[in-house]
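Enquirer: Mind docking chain Z on chain V? Use the hints.
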Amino acid sequence: MAVGESQVDSGTDAAGEDEEVEARVGWRYTVARIRKDTTARWGLYVVAFVLFVAIYAAVDSNLSRLTFGQFSDYTFAKLLPIFDHPTRIPPPGEGTQHMPPYFPLAEQPWNPLPAGGTLEHPLGTDPSGRDYFTRIVYGTQVSVFVGIVSTTIGLAGGTIVGAVAGYYGGRVDDALMRLVETVYAIPPLILIIVFTVFVGGANIWYAVLGVGIAFVPVFARIIRSRVLSIREMDYIEAARASGVKDRDVILRHVVPNSFAPVLVYATLQIGVTILIVAGLSFLGYGAQPPTPDWGQMLNTAHGYMHSNVWLSIWPGLAIMITIMGFNLFGDGLQDALDPRIED
Amino acid sequence: MSSEPLLRVENLKTQFFTETGTVRAVDGISFEVYEGEIVGLVGESGAGKSVASMSLLRLVESPGEIVDGEITYKGETIFGLEEGPDGDLRERDDVLSNEEIRTRIRGNEIAVIFQDPMESLNPVFTVGGQLREFIELNRGLSEDEARLEAVDMLREVGIPDPEKRYDEYPHQFSGGMRQRVLIAMALACEPSLIIADEPTTALDVTVEGQIIDLVDELQQKYGTSFIWVTHDLGVVAEICDRVNVMYLGEIVEQAPVDELFYDTKHPYTDALLDSIPRPDRTVEDLEPIEGVMPEAINPPSGCRFHPRCPDAREVCRRVHPENRRVAFAGDEPHRAACVKHDAFDVGYDESVPIDPEPELMADAGSASADGGEDRE
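Chains V and Z, in that order, are what the protein sequence lines are. Reminder that position 309 of the first sequence reads as 309 in the working numbering, one-by-one numbering, no gaps. Reminder that position 116 of the second sequence reads as 1116 in the working numbering, one-by-one numbering, no gaps.
Chain V on its own, in the form it takes in the complex (with noise of 0.2 angstroms):
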């Protein structure tokens, strides 16, 4: 391994197995592994395309310019059979036995049909006629910040949480993990659903609040049994010795030392996340009409699935690349940071 070696030998007497171990927790022998894994690296494309557009769509106000509009004279799109759905939703009491149950934006002035597969609208519209793609780019931005942010947030008070309970140990450990148990045997959705109807009803900032919260006692724990080896380590004992705050000591010296298996445990947590606000949305719960989540979107899909299953599907779609993203990413990380594996 090219960079752990670099590494070693520029330690001029520094040589031997316990050295060559602690070579492999470098950042930059990490990313060297990270590239050479090839799920890693496809977790990582995956999440890095996913952000981008996130970000993009944060950017650019104006997505429509991305779509096939401007060469609206080729007709190219509609041979793929993929764009081959109906263009129009039947209006009440016109259908078949397959007809939603009901169409409520069906009195709107402006026709709203869920249009098929066009050069203006690649993946159609929706039964409020608006354009699909630029719903599921924007869509992206939702998922992702959500996921990030919720998550962030267990991680935050988990972290906190743990440190706290594993480094002082006896009653404070005992109080803190007793009630972190409690919070764990609820089952996140319904403490979820809960939460934000108590904190004041839907929203998808407390949904993401409420995700968080439901997260703390899976990185608490982890972060405990961690701190529990760490705070053993002579190098506590000896910035004790050196009178460094007990909280500098947790945030300087016992979580950076705790951190590396949490950090692949969030990682994989966002894609979690990003299911259970999906999951939210679908319910009514998390983000509201008329932002673009894809959760919500599914939700509406699901109306139309005789009709139009392509609803359903460009959405579910999205969630499961993201997801499937982040589940690479973080299994490479997992394997890149543990100095056990060898390559």
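Source of the hints: derived by calculation from the structure; they are not laboratory data. A portion of the hints provided could be inaccurate.
[Stated by the list, open to error] Quick list of the computed label-pair ranges, beta carbon to beta carbon:
id, chain 1, residue 1, chain 2, residue 2, range
1, V, ALA58, Z, ASP1144, 36 to 42 angstroms
2, V, MET324, Z, ASP1144, 45 to 51 angstroms
3, V, ALA156, Z, GLU1082, 44 to 50 angstroms
4, Z, ALA1237, V, TYR168, 38 to 44 angstroms
5, V, ARG247, Z, THR1282, 52 to 58 angstroms
6, V, LEU263, Z, GLY1021, 40 to 46 angstroms
7, Z, GLU1091, V, VAL199, 33 to 39 angstroms
8, V, LEU263, Z, ASP1274, 53 to 59 angstroms
9, V, ILE55, Z, GLU1091, 58 to 64 angstroms
10, Z, ALA1329, V, LEU251, 35 to 41 angstroms
11, V, GLU232, Z, ARG1278, 31 to 37 angstroms
Each residue gets a CB set at the ideal place from its N, CA and C atoms; glycine is no exception.
Expert: Showing chain Z alone in chain V's frame:
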């Protein structure tokens, strides 16, 4: 020798309250450290050396607790008890608060060098960063000043090319180099006392020699006092001015270093000296001490060393000797806790000799019993 000691420890008792019983890790030790001297604290593993030194900084963690005694440093009370109005012991009012101990004593006045240099530096930060942070914290310097100071300290302890090594991580340093860094860290705030807790145990002998030379040199330069905790009498002879020999939580012999080696007064010290491997002796000539040290939960009656003592007599089972002056070395007392000396008038000479009974150790715990058999 100046009249007022830098550090005075009196009747210090530190105990651990565990489920299997109270471990009397440090059981009433008294010693002094004067300015500019190196005091040895010697004993087998488990004798209570490290607990004693941690007690000096009040760094004993639950379930451990300092239960009795007095620690005075430069006239300030680090630990002290008095009898409260209800008859219970309570902390005296002049005891320094936790905050004062942390900000003023630890690091600034009393620094510690730990045993394992591999484990004593935080692996996620650069060596220089840690040293700089420590200096910044304890001396209130700005970041740039602290950085210069840190580089100076690294040069002072003999790290070649300190500007470059400043930005390297602990794993890029060898054991000896790391111990040098730790010494730099301990010296950085020019403390009056450094507790060195087996600082050379984890190093090989050639590096050990270099480190001892370095400490000797720096000690002369800065005039720092040391408490040198070790189990290696060779190192003690090399570096210490005065020595305290500990056995099972007690100090059994206390003397200036030459006196201890040439006029040994306690059979345990004798036995320790006999068990040092030397180039001029073969393994058969070694006389290891029979048995292992019992656990401090349930120490033997009378003299704690009597089950392993070649000089033990019947009286040793009954009488518990305190550390008493048995001779003078110049104007300094030579103290030993052994009833065979005249200072103890308890009828040792008339008493019947008893055989050493290392198997008695079996009572103290199965683990120790296994260890005892291995040595026979």
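Enquirer: Find the hints from earlier in the document that the structure breaks and name them by number, from lowest to highest.
Expert: Numbers 7 and 10 - these are the hints that the structure violates, sorted from lowest upward.
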